[in-house]
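Assemble chain B onto chain A, guided by the hints.
2 protein chains.
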Amino acid sequence: MVNVGIVGIGLVGSELVSQILKSSYKNVFKVVGLTTSQKMLVSDAQYTSLSIDQEANLRSTVNATGVQTDLAQFADYLSKSNEHSVIIDCTASEQVANLYPTWLRSGLSVVTPNKKAFSSSLDLFKEIQDLAVNTSQTKKGRSPLIYHETTVGAGLPVLSTLVDFVRTGDEIVKIEGIFSGTLSYLFNNFSTLTSTAAPKPFSETVRVAKDLGYTEPDPRDDLNGMDVARKVTICGRLAGLELDLSTLPVENIVPEALQSIESTDEFMAKLPEYDDHFAKLNAEALKENQVLRYVGMVDVQGGQSGVKLAKYPATHPFASLQGSDNIIKFTTKYFPNGVIIQGAGAGAAVTAYGIFTDLLKIQERVEGF
Amino acid sequence: MVNVGIVGIGLVGSELVSQILKSSYKNVFKVVGLTTSQKMLVSDAQYTSLSIDQEANLRSTVNATGVQTDLAQFADYLSKSNEHSVIIDCTASEQVANLYPTWLRSGLSVVTPNKKAFSSSLDLFKEIQDLAVNTSQTKKGRSPLIYHETTVGAGLPVLSTLVDFVRTGDEIVKIEGIFSGTLSYLFNNFSTLTSTAAPKPFSETVRVAKDLGYTEPDPRDDLNGMDVARKVTICGRLAGLELDLSTLPVENIVPEALQSIESTDEFMAKLPEYDDHFAKLNAEALKENQVLRYVGMVDVQGGQSGVKLAKYPATHPFASLQGSDNIIKFTTKYFPNGVIIQGAGAGAAVTAYGIFTDLLKIQERVEGF
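So the sequence lines, in the order shown, correspond to chains A and B. Its first residue numbered 1, the first sequence is counted upward by one per residue in the UniProt record's numbering. Its first residue numbered 1, the second sequence is counted upward by one per residue in the UniProt record's numbering.
Just so you know, the hints here were simulated from the structure itself, not pulled from any lab data. These numbers come from a predicted model, not from an experiment.
In silico BS3-like links for lysine-lysine, alpha-carbon gap of 30 Å or less: (1) B:333 / B:115; (2) B:22 / A:126; (3) B:361 / A:115.
Short derived list, chain B residues pointing at chain A, Cβ under 7 Å: (4) 23; (5) 133; (6) 157; (7) 194; (8) 320; (9) 323; (10) 334; (11) 335; (12) 339; (13) 341; (14) 342; (15) 353; (16) 356; (17) 357; (18) 368.
If you want a taste of the chain B side facing chain A, the calculated C-beta under 8 Å gives, among others: (19) 22; (20) 24; (21) 170; (22) 343; (23) 360.
For glycine and all other residues, C-beta sits at the position ideal for the given N, C-alpha and C.
Next up, chain A with everything else stripped away, as it sits in the complex:
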């Protein structure tokens, strides 16, 4: 059995608990700790599974019945078990990510969809790689382990495939992909060769995506490319490059004059002034039988890693992408024509699913069966 403590009980954390409890592994993974930013619940000295009412709102329950959150105490409780314990960080907090080295040193394994520890400071990334048994070249033994499949492409098997290439000695030439569900949706709708209707204005496409809840509250947080840049940084680092957000070339497609406006409403009101700019780019692409796609690229051998708006011909798999799917293409020595992985790269169900697959890997390694 493996103890599980979850930091952050939002949509993903709640869905994960629900998936575990409904699965055949409900007696293998014991959920013994839950925290929100305010309150936390931990179980008893025997690490009995918390009794969880699946119908109730988990977050409200923890906030109503928990004690004040103290992450040091939370980690201490988990690390004192004789059984292996995993701490799952379901926040997006840099502050929480900074705690991973301490957690790993105390023997706790870490699983997380939080991109910060793997895309911010290179020193933090290296310290974590050095501490975790499954990423270190030198450490041997049964614990601790770190998995973060869901930091890129949510539940899609992107990072596990990338790590397999690296470990078997395959040589990665290039990783290219549409890493953002939001930007996938925007350009799949804005730039298409199959539709006979004239493209809608770009600002209208953004407006619709915002209304559907596909964008961040301020769509500039998608359009600035930083989310994609973090994912590219993670892929690049796992492929052996020392990529850094501060030096990675990232094309911010928010018009420059709108980047510093404070209010989201004002940004949305002024975006239509730039529709001609986007329409022109689109028309140029379509004229060449190409479409616009916002892509991230890890160029292992050529050193041209970055994030940008690019054109793809009709026959390219990126051109026929639909909905808000992610698509990632690896080009390697063994796979010169590429391996493509495509599917939903965001959402609570698929993110929780991806975390669950990481938990299964840890359980296999610590228990062997």
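Relative to the frame of chain A, chain B by itself:
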């Protein structure tokens, strides 16, 4: 450290040895046994790695310096080690596959690209599932394990993804794919909407594929759909269905009159008589802006599993497939719009790579690091 014994030293077996020796795991996996159908080489009582000259032809070396092959003795040698041992079956032999239960019972893990054990007798499949720790619901402990990622889509992460869906409690609705590199090549070339030239006769497409070495020596062994049927059977069984080759609906696209002809040359000579038949099917599809693709389907809920020639619209990912790529689409509860995995599904390098990733899983589970 993990001992490795390889049964069958063809292109895949030789490539695997080469990949291991070139990787950073060359001191983790000790190649201590090699067999061809005639001769075998095993190492000493200390399970020292065989000294292998990477420049030499491995198969010739074993045949020149080995003793007469005795698989019982070979397995016995491997199972007597204090370290964990894996036997890798790189043959396509049903007779060798029938030995897996004996091997598993003696504590040997098994890795193989041989489809027979997982697509022939349902009893054999169940016996193996029951014996292997990683597939059994009841067994606990550190050994034995069985992995066969490369039986479907070679090195593509198809079966590992499928197994993750099953284990996490995701519900698989449908698995649909182009599982044969040969049939992928044939129809990607014969049936296309992007080419402006008139389609070449089907028989000519087959002739070219045969000359390029893309087909079996007798192309009817591809066109009869049995290779695809075996892969569909494997996927279906892992998804929980009791599929059986004898009852699975399989569309044999070899014209009936040519199925019983003995000589391959005569078959190839007579195939052009049926070009009109294939041209008509293709024209009908293209008229509807669709293309022909030979697909396998596991329909978990609808019970319509089978193998057939089907039509796909231009916007479908199967329609824009190129070369001899495999493409597999999973539709599940968590991924209602599907997860797609695409890439080379045949060839020595990618098959050896896939076997290597299976070996890494075994090493992680038995050693924990």
